[in-house]
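Student: For reference, the chains in residue letters:
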Amino acid sequence: MKIRINGEAKEVRLNINIHDLLIVLELNPTQAGIAVAVDREVIPKTKWQATELRENSEVEIIRAVQGG
Amino acid sequence: MQEFKIADQTYTSRLLIGTAGYPNFHIMTEAITTSGAEIATVSMRRVKFTDSSGENLFALLRERGMTILPNTAGCFTAKDAILTANLAREALGTSLIKVEVIGDEETLFPDVEQLLSAAETLVKDGFTVLPYCNDDPITCKKLEDIGCAAVMPLGAPIGSGMGIRNPYNIQIIRDLVQVPLIVDAGVGTASDAAIAMELGCDGVLLNTAVAKAHRPVLMAEAMKKAVEAGRAAFLAGRIPRKLYATASSPQTGMIE
Chain A
1 MKIRINGEAK EVRLNINIHD LLIVLELNPT QAGIAVAVDR EVIPKTKWQA TELRENSEVE
61 IIRAVQGG
Chain B
1 MQEFKIADQT YTSRLLIGTA GYPNFHIMTE AITTSGAEIA TVSMRRVKFT DSSGENLFAL
61 LRERGMTILP NTAGCFTAKD AILTANLARE ALGTSLIKVE VIGDEETLFP DVEQLLSAAE
121 TLVKDGFTVL PYCNDDPITC KKLEDIGCAA VMPLGAPIGS GMGIRNPYNI QIIRDLVQVP
181 LIVDAGVGTA SDAAIAMELG CDGVLLNTAV AKAHRPVLMA EAMKKAVEAG RAAFLAGRIP
241 RKLYATASSP QTGMIE
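Those protein sequence lines, which keep their order, are chains A and B.
Per our numbering, residue 1 is the first one in the first sequence, and the count goes up by one each step.
Per our numbering, residue 1 is the first one in the second sequence, and the count goes up by one each step.
Hints are computed from structural coordinates only; laboratory data are not their basis.
Positions of the beta carbon are idealized from the N, C-alpha and C atoms, including for glycine.
Mixed in with the good hints, there may be bad ones.
[Claimed, not checked] Far from chain A, by Cβ distances over 12 Å, these chain B residues were calculated:
#, residue
1, Phe49
2, Asn56
3, Asp80
4, Phe109
5, Glu113
6, Leu199
[Said to hold, decoys possible] Simulated pairs of lysine-lysine, BS3-like, Cα-Cα distance not exceeding 30 Å:
#, chain 1, residue 1, chain 2, residue 2
7, A, Lys47, A, Lys2
8, A, Lys2, B, Lys48
9, A, Lys45, B, Lys48
10, A, Lys47, B, Lys124
11, B, Lys142, B, Lys5
12, B, Lys142, B, Lys124
13, A, Lys47, B, Lys48
14, B, Lys142, B, Lys48
15, A, Lys47, B, Lys79
16, B, Lys48, B, Lys242
[To be verified] Some chain A residues near chain B, calculated using beta-carbon distances under 10 Å:
#, residue
17, Ile3
18, Thr30
19, Ala32
20, Ala37
21, Glu41
22, Pro44
23, Lys45
24, Ala64
Here chain A stands alone, though its shape is the one from the complex (with noise of 0.2 Å):
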């Protein structure tokens, strides 16, 4: 299926979940400072396991960056 990873359009397999989008982006989902929000709701990492992405889903992949 077709998501939106950062505004970039990618395509994923079916009801792939945070966790396991994660490691196909090749991101450690146990690292700190990452957080993730789907569809403008930020999903806790507690949460990343069970939840499952959908067709069109406008994911969002944050980090802390140099900032003023």
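Mind docking chain B on chain A? Use the hints.
Tutor: What follows is chain B alone, placed relative to chain A:
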């Protein structure tokens, strides 16, 4: 207010430093260390999947025991600022948030209406809100009344280096609010930071003045000293300004 306290945490340093715009990661690290700052700001941005630099700002600041203050820089609406704050809380495990809601790209002045709205929601959601705001006493008072943990009026536009453009307003804000008052933005050099502190501010938040200085680490040292000197001068109490001279040497016992 002798101690500098934010959300029950006491800090020795009254200088808060930004982490953006340094020539490289190494100079940034050295400048932050030299500044003596215990609070550093970060932004929240999309993960870049092509980034292989391996530089992990969050890990670096955490290793150094620094308080990480995420900002909502780049947000133009309360809605975006609230989402960013929630992402920051989840990513960094902190309820501290520097709320920035920009009203105009050229001046980067805050949008007061959106700022107040975002601050109100975030305070209700349990955040420790540090709002970047205009040097407007009424806005600052409203932010305090909402329950913000500090108020952070700008000295001048972000990155402008114009210093404290309206010291009289900062003074009025000092009289009006009880929460920590931190000048955020506008500082260009050490004397600007000293002036902010002499006016009775509890702290100064700066970034560009150090990051873009010819020698960032040396400027970080200058800022540390300026904030300390300004604070001491404020506590010591300056003499009143007078137009005419008053001799400091004795007026009696002169040779004739």
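Student: Each hint needs a verdict: does it hold in this structure or not?
Tutor: So, going through the hints one by one against the coordinates:
no. : hint                : in the structure
1   : Phe49               : violated, 6 Å
2   : Asn56               : violated, 7 Å
3   : Asp80               : violated, 9 Å
4   : Phe109              : holds, 15 Å
5   : Glu113              : holds, 21 Å
6   : Leu199              : holds, 22 Å
7   : A:Lys47 x A:Lys2    : holds, 21 Å
8   : A:Lys2 x B:Lys48    : holds, 19 Å
9   : A:Lys45 x B:Lys48   : holds, 19 Å
10  : A:Lys47 x B:Lys124  : holds, 23 Å
11  : B:Lys142 x B:Lys5   : holds, 20 Å
12  : B:Lys142 x B:Lys124 : holds, 15 Å
13  : A:Lys47 x B:Lys48   : holds, 23 Å
14  : B:Lys142 x B:Lys48  : violated, 38 Å
15  : A:Lys47 x B:Lys79   : holds, 23 Å
16  : B:Lys48 x B:Lys242  : violated, 58 Å
17  : Ile3                : violated, 14 Å
18  : Thr30               : violated, 13 Å
19  : Ala32               : holds, 7 Å
20  : Ala37               : holds, 6 Å
21  : Glu41               : holds, 8 Å
22  : Pro44               : holds, 6 Å
23  : Lys45               : holds, 7 Å
24  : Ala64               : holds, 4 Å
When the structure is compared with the earlier hints, violations turn up for hints 1, 2, 3, 14, 16, 17, 18 and for no others.
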